[in-house]
Amino acid sequence: MNKKRRWLTVFVVVLVMFGMSVGYAKDKKKEPAKKGEASAAKGSVDFSGASITIATLAGGTDGAVSGGLYYYRDAWEKETGGKVNIAEVPFGQMATKIKIDLITGAGKYDAFVACGTLYGDYLAGNYIIPLETYYNDKTGKFPKWNIDDMAPAQAALYKWGGKLYGVLYDADGWIVYGVKTAFENPESKKKFKAKYGYTLEWPPVTTDQYVDMCEFFNGWDWDNDGEVEYGNIMPLKVGGQAPFWFIPWLAPYVVMPGPKVDAFHNTAFFNPETMEPTINTPGAVKALEDYVRLYKASPPGSLGWDLTEGWDLFVKGNAALSINPGDIATIAQTPEKSKISGKLLTAPMPGRYEIWDRQTSSWKKFDKVVHVGNTVGCSWHGVISRLSKNPEAAYHFLSYIAVKERSQFLTYYGWTGVNFGKIYDFPPEVSNKNGTGSLQGYVDAGWNKQDALMFLGAVWQSYYESDAMEEFLRIPGTSQLYDAMDVQINEALLGKKTAQEALDATTKVWKDIINTLGLDTQKLFYQQSVNYGMAPNIRYK
Amino acid sequence: MHVKVLSLYIITAKEKSMKTEDRIKIFLLLPIIVWVLVITIFPLLFTLRLSFYEWHFGFPSKFSGIKNYVKAVGDERTLNSLKVTIIYVLVTIIAEVTLGFFIALLFNKGIREGRFLRSFLTLPLFTAPVAVAYIGMILFHSEYGPVNYILQKLSFKPVNWLGSPLYAMISIILLDIWQWTPFTFIVIHAGLQSLPLEPYESAKIDGANSWQLMRFLTIPMLIPVLITAITFKLVYSLKVFDLPYALTAGGPGISTEVFAMYIHRQGLEFFNLGYASSLSLIFLLIVMASCTILLKPMKHVYEIK
Chain Z
1 MNKKRRWLTV FVVVLVMFGM SVGYAKDKKK EPAKKGEASA AKGSVDFSGA
51 SITIATLAGG TDGAVSGGLY YYRDAWEKET GGKVNIAEVP FGQMATKIKI
101 DLITGAGKYD AFVACGTLYG DYLAGNYIIP LETYYNDKTG KFPKWNIDDM
151 APAQAALYKW GGKLYGVLYD ADGWIVYGVK TAFENPESKK KFKAKYGYTL
201 EWPPVTTDQY VDMCEFFNGW DWDNDGEVEY GNIMPLKVGG QAPFWFIPWL
251 APYVVMPGPK VDAFHNTAFF NPETMEPTIN TPGAVKALED YVRLYKASPP
301 GSLGWDLTEG WDLFVKGNAA LSINPGDIAT IAQTPEKSKI SGKLLTAPMP
351 GRYEIWDRQT SSWKKFDKVV HVGNTVGCSW HGVISRLSKN PEAAYHFLSY
401 IAVKERSQFL TYYGWTGVNF GKIYDFPPEV SNKNGTGSLQ GYVDAGWNKQ
451 DALMFLGAVW QSYYESDAME EFLRIPGTSQ LYDAMDVQIN EALLGKKTAQ
501 EALDATTKVW KDIINTLGLD TQKLFYQQSV NYGMAPNIRY K
Chain Y
1001 MHVKVLSLYI ITAKEKSMKT EDRIKIFLLL PIIVWVLVIT IFPLLFTLRL
1051 SFYEWHFGFP SKFSGIKNYV KAVGDERTLN SLKVTIIYVL VTIIAEVTLG
1101 FFIALLFNKG IREGRFLRSF LTLPLFTAPV AVAYIGMILF HSEYGPVNYI
1151 LQKLSFKPVN WLGSPLYAMI SIILLDIWQW TPFTFIVIHA GLQSLPLEPY
1201 ESAKIDGANS WQLMRFLTIP MLIPVLITAI TFKLVYSLKV FDLPYALTAG
1251 GPGISTEVFA MYIHRQGLEF FNLGYASSLS LIFLLIVMAS CTILLKPMKH
1301 VYEIK
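Chains as they are written, first to last, in our numbering: chain Z, 1 to 541; chain Y, 1001 to 1305.
Some hints could be false.
Okay, derived cross-link-like pairs now, DSSO-like style, lysine-lysine, Cα gap no bigger than 30 angstroms in a straight line [claimed, not checked]: (1) LYS1153/Y to LYS1239/Y; (2) LYS1153/Y to LYS337/Z; (3) LYS97/Z to LYS108/Z; (4) LYS97/Z to LYS1071/Y; (5) LYS1062/Y to LYS497/Z; (6) LYS337/Z to LYS180/Z; (7) LYS1062/Y to LYS508/Z; (8) LYS195/Z to LYS1153/Y; (9) LYS159/Z to LYS138/Z; (10) LYS508/Z to LYS1071/Y; (11) LYS97/Z to LYS83/Z; (12) LYS1071/Y to LYS523/Z; (13) LYS159/Z to LYS97/Z; (14) LYS191/Z to LYS1157/Y; (15) LYS1153/Y to LYS497/Z; (16) LYS316/Z to LYS1083/Y; (17) LYS339/Z to LYS1157/Y; (18) LYS449/Z to LYS433/Z; (19) LYS1062/Y to LYS296/Z; (20) LYS523/Z to LYS1062/Y; (21) LYS497/Z to LYS1157/Y; (22) LYS508/Z to LYS1067/Y; (23) LYS1153/Y to LYS508/Z; (24) LYS1025/Y to LYS523/Z; (25) LYS433/Z to LYS343/Z.
Ranges between beta-carbon positions, derived for each pair [unchecked claim]: (26) PRO1220/Y to GLY495/Z: 41 to 51 angstroms; (27) GLY495/Z to ILE1286/Y: 24 to 34 angstroms; (28) GLU77/Z to PHE1241/Y: 52 to 62 angstroms; (29) GLN359/Z to ILE1293/Y: 54 to 64 angstroms.
Rather than coming from a laboratory, the hints here were simulated on the basis of the structure.
From the three backbone atoms N, C-alpha and C, an ideal C-beta is built for every residue, glycine too.
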């Protein structure tokens, strides 16, 4: 080898080693953003020798969902002598890994802190255990937490057929976000009034207003930063969580309020008496037509984005509005990631003056705007596998985190991805004095006070002051149902199909799925999941 | 007499030795036989059996005859994923073999630092397809990606790489070409290096020019090597999964959903295990048929060789 080649080789090797060491050094410098310590002392239970494995979302030691488990793991282990292994799984593979574990009988996981949409699948195979025995235990063996601390609509997701299966953790729901730089710009107000004939102000109360605002803010520099901004952002990549953007948008078009869950009231996806899909009614078609308009007011690349890409663009101030879960509010408070801390606007999802009435096959008009709350998302929480050899230890660990002080801590600090839904998450200031939370707790955790007040108020209204509540689809085969809808919505967004064609195609596939799995079985599951015949899970005003 | 006894003894000893030898052979082959049975034959037979059942997660399985196969034939999404796969296979193979051929020719002529450059050019081959996909997500990001940045600097409009059906497909194809052209290059270059020189010398004496040398000597002599490269690439491309899965997840819509991805979706996302089994077997037949069709015309070439 000649001298020149030798030096070139040495140079390349050194370059590669340098790159690796820089990457390593960067990782070493990044400390988890932990605030507060999880203290521990040896407790009254002894799980020495017990080792439990919990499958959860791959968020890392200080990331969404898994972060909370890691945070309290050491303390629990010291206190009980048990050992916790946290198996992180990427979102797209979670259902696969869990189902393989269950269907093969491997029993590698004692518990799953997974998406609530899997309940129907779990229960179809009787794969998870009800928790009443542990929850109602009066010996003091298990940490005490209260499912009724959760908003009724959220608490319902932890139960099935009247039995408790889930341990309190996360609570997801979609609300509307905006940025002040768009809405408080005098030029924006003037132009908007001239174009639409009404005043631009926060919040967008109706879906029509939301669409108008998104279209208005799309394609011009409304914050004078030299860059063109977008009106709306929605991450719509198939195979991910894209359906969670259409579902809360759909709700005010099709969920008819009523005193009970029945064939025509308080459901969005199926008629619970016949299992006929209701996803292609004129109400749903109108929802999708407006949704296509929202997409056109969004970055064109959003059909290729997963949710974190969409979130990133919004907190960088590149769009005026977005509908999203509570994660945006917490990310917005992070200076390294966000340019909109202190500039955040939040509100419950917009409502409508008219809703499609399946009973009369016509639009029903109301004198006031009807708001429909939602629990869209995953509402990540733990369930115990029937194959677990240490169910008590698994329940003990999950309930250790579920006690009020620890759960509240996880909610105050956004890096955990644990979102808001317990009565003690809401300060009295935003909850008509019903909430028992502390605004100071959020401020101490780094929240901008005004952002926190507005955001928590929006979430409170969504859970506790809505006129109706959209159901949470979680029957067996939900992943297939969502996939079918997702694909067809994409076809509509791409202009390959009209909204009616897309939803008719969705209906056809849904019918096939329901019939394949068994119409009568699916009807029973659906009725159980929506609490058919009972009052909807909201507290009326 | 002694000779007879001795001969008999030798023959018996030989027979015993052969039987022992046979036993040793079988014993040594046993692990691989068990391995093949367990890893290949048993799963194949199990999949075949499963393809005649309906089996969904949480529900007992039930015999359904050929229902799954009938469903597959009429399933729009099956046909779509086949179409996407065929387009992907054809474009990538043509591009990679063509590019690989020209790069191999260049190297065959002899270039400075050829060895170093050859090693450098083969680096993409060692990159995991998922890593390639993540590189692609960054490169082709519609807002922040360097590709659109460069396009805009050159006064072109930014492209919606991963958000439009056409460009999402192009993105996957470009990444595959980047990763796998080195493979075809290596194979063809080795082929070029092994070509005999005498025919070229004779042809030059007869006055053949470069183009005639290429057309009448190089390409015909290289055909077995080209077929080898195409066959390997064909088998790989037909069952491609990780790159499109990681980059686009089959989207937008189902515009980049390849067949292997659809099987994965049916089997391991939706847990329609019977239906996924039938799709797998249909796919196996397609791959086998493709290879047979490709290799059959070349049978006589190999025989002459």
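Hints, verified against the model:
For the hint linking LYS1153/Y to LYS1239/Y, the alpha-carbon distance of about 38 angstroms lies beyond 30 angstroms, and the restraint is violated. Restraint check: the Cα-Cα separation between LYS1153/Y and LYS337/Z comes to about 27 angstroms, which is no more than 30 angstroms; the hinted pair holds. This hinted pair checks out: LYS97/Z and LYS108/Z have alpha carbons roughly 10 angstroms apart, not beyond 30 angstroms. Note on LYS97/Z and LYS1071/Y: the hinted pairing holds, with a Cα-Cα distance of about 27 angstroms set against a maximum of 30 angstroms.
About 36 angstroms separates the Cα atoms of LYS1062/Y and LYS497/Z, which puts this hinted pair outside 30 angstroms; it is violated. The hinted pair formed by LYS337/Z and LYS180/Z meets the criterion: a straight-line CA distance of about 18 angstroms does not exceed 30 angstroms. Annotation: proposed proximity of LYS1062/Y to LYS508/Z holds, straight-line Cα distance about 23 angstroms (limit 30 angstroms). Distance restraint check for LYS195/Z and LYS1153/Y: the Cα-Cα separation of roughly 34 angstroms exceeds the 30 angstroms cut-off, and the hinted pair is therefore not satisfied.
Distance hint between LYS159/Z and LYS138/Z is fulfilled; the C-alpha atoms sit about 21 angstroms from each other, no more than 30 angstroms. Restraint check for LYS508/Z and LYS1071/Y: the C-alpha separation of about 14 angstroms stays at or below 30 angstroms, so the hint holds. For a cut-off of 30 angstroms, the pair hint linking LYS97/Z to LYS83/Z stands: about 21 angstroms separates their Cα positions. For the hint linking LYS1071/Y to LYS523/Z, the alpha-carbon distance of about 24 angstroms falls within 30 angstroms, and the restraint holds.
Proposed proximity of LYS159/Z and LYS97/Z is supported: the alpha carbons are some 23 angstroms apart, at most 30 angstroms. Proximity of LYS191/Z to LYS1157/Y is assessed by CA-CA distance (about 28 angstroms); at most 30 angstroms being required, the pair is judged to hold. Taken as a hint, the LYS1153/Y and LYS497/Z pair is broken in the structure, with Cα atoms around 35 angstroms apart against an allowance of 30 angstroms. With a CA separation close to 40 angstroms, the supplied pair LYS316/Z and LYS1083/Y exceeds the 30 angstroms bound.
In summary, the hint linking LYS339/Z to LYS1157/Y is supported, as the alpha carbons are separated by about 27 angstroms, within the 30 angstroms threshold. Of the pairs offered as hints, the one joining LYS449/Z and LYS433/Z holds, with about 18 angstroms between alpha carbons and a cut-off of 30 angstroms not exceeded. Taking the CA atoms of LYS1062/Y and LYS296/Z, the gap is near 46 angstroms; set against the 30 angstroms cutoff, the hint is violated. Under the criterion of a C-alpha separation no larger than 30 angstroms, the hint pairing LYS523/Z with LYS1062/Y is consistent with the structure, at around 20 angstroms.
Only pairs whose Cα atoms come within 30 angstroms are accepted, and LYS497/Z paired with LYS1157/Y is accepted, the gap being roughly 26 angstroms. At roughly 18 angstroms between alpha-carbon atoms, LYS508/Z and LYS1067/Y fall within 30 angstroms of each other, so this suggested pair holds. Note on LYS1153/Y and LYS508/Z: the hinted pairing is violated, with a Cα-Cα distance of about 47 angstroms set against a maximum of 30 angstroms. At most 30 angstroms may separate the alpha-carbon atoms for a hinted pair to count; LYS1025/Y and LYS523/Z exceed this at roughly 61 angstroms.
In summary, the hint linking LYS433/Z to LYS343/Z is supported, as the alpha carbons are separated by about 26 angstroms, within the 30 angstroms threshold. For PRO1220/Y paired with GLY495/Z, a C-beta distance near 49 angstroms keeps the hint of 41 to 51 angstroms intact. The given range of 24 to 34 angstroms is respected by GLY495/Z and ILE1286/Y, whose C-beta atoms sit roughly 32 angstroms from each other. Separation of GLU77/Z from PHE1241/Y is about 39 angstroms and departs from the stated range, judged on CB atoms against 52 to 62 angstroms.
In this structure the supplied range 54 to 64 angstroms holds for GLN359/Z paired with ILE1293/Y, their Cβ-Cβ distance being about 59 angstroms.
Comparing the model with each earlier hint shows violations of hints 1, 5, 8, 15, 16, 19, 23, 24 and 28; every other hint is respected.
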